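2 protein chains.
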Amino acid sequence: MTDAPTEILDATHCALREHGYAEVTMRDIADKTDLSKAALHYHYDCKHDLLVAFLDHLYDRFEARIGDPDGDSPAERLHSLVDALLTEGSENPAFRTALLEIKAQAPYDDAFRDRLRRFDNAFSSRVRTLVADGVARGTFRDDVDPDTVASALTTFVNGAQTRHVGVGHPPAQSATTLHTYIDTALRPRDEPGDGSDTDDAGSASG
Amino acid sequence: MTDAPTEILDATHCALREHGYAEVTMRDIADKTDLSKAALHYHYDCKHDLLVAFLDHLYDRFEARIGDPDGDSPAERLHSLVDALLTEGSENPAFRTALLEIKAQAPYDDAFRDRLRRFDNAFSSRVRTLVADGVARGTFRDDVDPDTVASALTTFVNGAQTRHVGVGHPPAQSATTLHTYIDTALRPRDEPGDGSDTDDAGSASG
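Just so you know, the sequences run in chain order A and B. The opening position of the first sequence corresponds to residue 1 in the working numbering, with each subsequent residue numbered one higher. The opening position of the second sequence corresponds to residue 1 in the working numbering, with each subsequent residue numbered one higher.
There may be inaccurate statements among the hints.
What the hints assert, rightly or not - Per label pair, the in silico range of CB-to-CB distance:
1. A:D109 <-> B:D10: 25 to 33 Å
2. B:E7 <-> A:E7: 49 to 57 Å
3. A:A22 <-> B:E63: 29 to 37 Å
4. B:E63 <-> A:K32: 43 to 51 Å
5. B:K32 <-> A:A22: 18 to 26 Å
6. B:D114 <-> A:Y108: 22 to 30 Å
7. B:D114 <-> A:G67: 23 to 31 Å
8. A:K32 <-> B:D72: 41 to 49 Å
9. B:R117 <-> A:A185: 40 to 48 Å
10. A:E7 <-> B:T129: 50 to 58 Å
11. B:A38 <-> A:D56: 43 to 51 Å
To be verified - Subject to a maximum C-alpha distance of 20 Å in a straight line, what follows is the list of computed EDC-like cross-link-like pairs (lysine to aspartate or glutamate):
12. A:K47 <-> A:E23
13. B:K47 <-> A:E23
14. A:K37 <-> A:D49
15. B:K47 <-> B:D10
16. A:K32 <-> A:D49
17. A:K47 <-> B:E23
Unchecked claim - Take a look, some chain A residues computed to stay more than 12 Å from chain B by CB distance:
18. H13
19. A22
20. L40
21. H48
22. D49
23. V52
24. P93
25. K103
26. R113
27. D114
28. R117
29. D120
30. D143
31. D145
Hints listed in this document are in silico derivations from the structure and should not be mistaken for laboratory results. On a predicted model such as this, the values are computed, not experimentally measured, just so you know. For each residue, glycine too, the CB sits at the ideal point set by N, CA and C.
Model the full structure from these sequences, guided by the hints.
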């Protein structure tokens, strides 16, 4: 048994996948639970309030997912982070589409924008920390700026998700580009195999 | 005097900026012209048909805008291309938001998706050609793969536009990242000033 809000938030996830952000109704969400539409309104005044609560719920899960990526070295952990967002996250294009609809609403909706900024900052901070760690350990180039790399990777991941939804560009292909970037652009130039043999970069820099 | 379709398409641009994709109506568009709503329907059956025609119109302008970027060298022309999309294009965040709404509709709408693919392919092809030209001239590294760079830049520009709309990330900052990338990652390693002094990269590689 789950308590009502968790059941509602899980149902919101399903309903968003099925109907998209613009079309989904409180009725659609209630239909995915054992609750009545009236019971749903007891917890959330309107669809907007429920979606804001849903984004908070999603953020908690996102933070847990990116908080401690697998791997020993900063490079390995960056690779895991990229896979967590692009490879694993791509299982569900319909949900990704609903999130893009929400991004497109952000200029009209401060509550959405605040939540989206939390995701943006969380991912960006995680990358920044890993890159700074790699620079400090000497496994990344010492002229790499963690802030610049963090922002660039955040932008690139946004683009991979948008292109996936908009034109069907495979997120796995975007992930490969980032994996190559981590194994080449971030690695010290004098490291053996630099620029060509990058297959073992993760372990070599660990 | 412009003929009716051009007047309608220009009015669509204004109305999309003002109302967004989801909310805009045929009435809103007619109100921006000297035509009646009935006259609008004479040219376009419904809002969807009009928006598809609008995307075609936008594509023609896009193609003209990116077809011959300013500059003598491939690097200079790539810089101009980036500015055309991110610096100049960012003047109008409301219109960019409407386009993101349309991208989020693409999975449900084949006509939108086809049009978005034309934009994606046009930009990507333009980058590919410029990078291949730079590699052939020896002003870009010979191990640079034009296809990979073209796809990466297309993804990054999508991300810059999405982050601008979603979280207000400044597109000029994304443009700076790409300018630096063009001046460092694409340049031959043995070129003077490689990796540090990149201010004159455009002219140095011309």
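Could you work out which of the previously given hints the structure breaks and list their numbers from low to high?
Checked against the structure, the hints that fail are numbers 7, 8, 9, 19, 24, 25, 26, 27, 28, 29, 30, 31, while the rest are satisfied.
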